[in-house]
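All chains, full assembly: derive it from the sequences and hints.
Number of protein chains: 2
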Amino acid sequence: MGCDLPIGVFDSGVGGLTVAKEIISRLPGERIIYFGDTARVPYGSKSRETVTEYSRQIIRFLISQGVKVIVVACNTASALAVDVVRREFDVPILDVVRPGARTAADATQNGSIGVIGTEGTIRSGIYSKLLYGINPDLNVYGKACPLFVPLVEEGWIYDSVTREVARRYLEEFQGKDVDCLVLGCTHYPLLRNLIRDVVREVLGEGVTLVNPAVETTKDLKFLLAERGLFSGGEDLPEHTFYVSDGAEKFRSLANSILPCNVIETKDVTIKTFE
Amino acid sequence: MGCDLPIGVFDSGVGGLTVAKEIISRLPGERIIYFGDTARVPYGSKSRETVTEYSRQIIRFLISQGVKVIVVACNTASALAVDVVRREFDVPILDVVRPGARTAADATQNGSIGVIGTEGTIRSGIYSKLLYGINPDLNVYGKACPLFVPLVEEGWIYDSVTREVARRYLEEFQGKDVDCLVLGCTHYPLLRNLIRDVVREVLGEGVTLVNPAVETTKDLKFLLAERGLFSGGEDLPEHTFYVSDGAEKFRSLANSILPCNVIETKDVTIKTFE
Chain A
1 MGCDLPIGVF
11 DSGVGGLTVA
21 KEIISRLPGE
31 RIIYFGDTAR
41 VPYGSKSRET
51 VTEYSRQIIR
61 FLISQGVKVI
71 VVACNTASAL
81 AVDVVRREFD
91 VPILDVVRPG
101 ARTAADATQN
111 GSIGVIGTEG
121 TIRSGIYSKL
131 LYGINPDLNV
141 YGKACPLFVP
151 LVEEGWIYDS
161 VTREVARRYL
171 EEFQGKDVDC
181 LVLGCTHYPL
191 LRNLIRDVVR
201 EVLGEGVTLV
211 NPAVETTKDL
221 KFLLAERGLF
231 SGGEDLPEHT
241 FYVSDGAEKF
251 RSLANSILPC
261 NVIETKDVTI
271 KTFE
Chain B
1 MGCDLPIGVF
11 DSGVGGLTVA
21 KEIISRLPGE
31 RIIYFGDTAR
41 VPYGSKSRET
51 VTEYSRQIIR
61 FLISQGVKVI
71 VVACNTASAL
81 AVDVVRREFD
91 VPILDVVRPG
101 ARTAADATQN
111 GSIGVIGTEG
121 TIRSGIYSKL
131 LYGINPDLNV
141 YGKACPLFVP
151 LVEEGWIYDS
161 VTREVARRYL
171 EEFQGKDVDC
181 LVLGCTHYPL
191 LRNLIRDVVR
201 EVLGEGVTLV
211 NPAVETTKDL
221 KFLLAERGLF
231 SGGEDLPEHT
241 FYVSDGAEKF
251 RSLANSILPC
261 NVIETKDVTI
271 KTFE
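Listed in order, the protein sequences are those of chains A and B. So in my numbering, spot 180 of the first sequence is number 180, and the numbers just go up one at a time. So in my numbering, spot 71 of the second sequence is number 71, and the numbers just go up one at a time.
Hints were generated in silico from the structure; no laboratory data involved. Worth double-checking, as some hints may not be accurate.
The list cannot tell twin chains apart, which means a pair is met if one copy fits it or any two copies do.
DSS-like cross-link-like pairs, simulated, lysine-lysine; straight-line CA separation at most 27 angstroms [what the hints assert, rightly or not]:
#: 1; residue 1: K271; residue 2: K249
#: 2; residue 1: K249; residue 2: K129
#: 3; residue 1: K143; residue 2: K249
What follows is the structure in structure tokens.
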């Protein structure tokens with residue numbers, strides 16, 4: 001019952017596609033309804049109230065599409081809104097920060113963890129709170145990297161400017177002996193190789209990069225199993241992509257990120273879901 | 001009649017403060033009501049429909065505050081929305097692109113003009129259309145510089161990364177013999193000195209930088225004179241600043257840009273002005 005319903009995934013824009021990509025790869029029978037809030041992107045610099053209200057509207061939209069579970073594929077919304085919206089809706093809501101924190105706590109050997117993310121995510125202190133909750137002896141250091149998202153959106157993925165920006169941001173962790181770095185924004189896995197190189201150069205060998213999308217997908221798998229919600233559908237279902245602005249531009253970006261062909265992207269007037 | 005009413009100025013965020021600054025300096029008796037749409041910034045990557053709808057809501061809000069004239073202090077909104085909204089409202093609406101184009105047409109000696117701006121402004125081709133309208137023999141070259149706004153917002157104003165980004169963007173004009181460069185985004189005057197240096201290095205001496213804010217303020221002065229709307233108020237009126245999100249953060253940025261002290265910034269739920 002409900003097994004054949006789709007999984008709702010949302011983000012402020014294209015970043016959440018790195019989460020959708022993991023779900024498509026690891027749970028190939030599941031159908032996804034993705035929403036990217038491209039009319040109001042980015043969330044990273046916005047307040048808790050605003051991000052919560054935007055998340056609420058999107059959740060209402062996804063529920064109207066009949067989803068069986070919602071994945072908040074945006075660290076900022078996970079950090080600022082999930083606690084509140086989870087109490088307001090009946091549909092199960094997964095986020096990316098809790099699985100990300102758990103993986104980091106598992107991965108660190110020396111207890112010193114770095115977190116990079118948007119201004120909103122870092123300022124919220126969500127990763128520190130969760131990590132200290134798991135183990136109060138950990139040391140957690142956060143650094144906001146507001147230029148990474150526009151650099152990704154400019155397409156400067158392997159680029160000397162992006163490398164210099166990364167160097168400047170990651171140097172903040174020097175002397176803190178971090179052995180684990182959480183990519184606390186869904187855009188950042190798109191810069192994974194560059195970040196790995198710069199981390200080696202600036203912080204030395206032996207730092208594990210944590211991509212919360214991978215662990216979130218494991219949680220999703222567990223939740224679907226537990227509630228008997230695995231799809232019985234065909235193996236390569238058709239996913240649907242909605243945005244609040246610029247469907248065409250989104251489609252070409254989506255096609256460069258996802259392992260499947262995005263044929264069509266639809267526009268939604270999201271503010272009507274108040 | 002109406003002279004003592006304030007002037008409404010709006011932008012997607014802080015950029016329009018460079019226009020407010022010119023108005024405050026050149027028309028010191030005028031009171032400003034500023035609105036920065038910080039909940040939905042940036043406009044530069046959004047569609048014409050979305051930017052028009054957002055502009056409409058803000059104009060309704062400013063009219064509710066009793067303004068005598070509105071200055072659209074955002075190149076993207078000027079490019080994408082002004083033609084439509086000007087027909088919908090009775091209040092006079094000034095924009096920044098028309099005065100900017102006029103100044104550039106006056107400033108060029110050899111007829112070759114470069115324009116830098118957001119994706120939305122450049123894609124709209126508004127400066128080319130206006131400039132060709134003034135003189136069909138001009139050559140106009142546009143280049144979108146999407147990283148400049150986030151670099152300004154990161155505070156990297158005099159910075160080697162920003163310099164390298166500027167170099168890469170401005171090299172696009174090499175071989176085109178431009179002798180005039182329009183700063184077609186209200187954030188860019190904050191990078192004026194750096195842009196001037198890089199222009200010298202990359203394009204040589206003798207390139208005039210055009211800041212549309214200056215010319216817009218002259219137009220505003222002319223309009224107020226023509227309609228008998230000059231303020232008869234005191235010399236140093238109190239300006240009011242509204243934002244759709246993050247009032248506190250906006251206030252500290254505003255204080256670094258404006259020649260007056262911004263004591264308070266107020267939050268507005270702008271979407272209720274539909």
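Each hint tested on the structure:
1. Taking the shortest alpha-carbon separations for K271 and K249, both the intra-copy value of 21 angstroms and the inter-copy value of 25 angstroms come in at or below 27 angstroms.
2. In this assembly of identical chains, the alpha carbons of K249 and K129 lie at most 27 angstroms apart only when taken from different copies (24 angstroms versus 37 angstroms within one copy).
3. Within a single copy, K143 and K249 get their C-alpha atoms only as close as 30 angstroms, which misses the 27 angstroms cut-off; across copies the closest is 18 angstroms, which meets it.
The earlier numbered hints are all upheld by this structure, with none contradicted.
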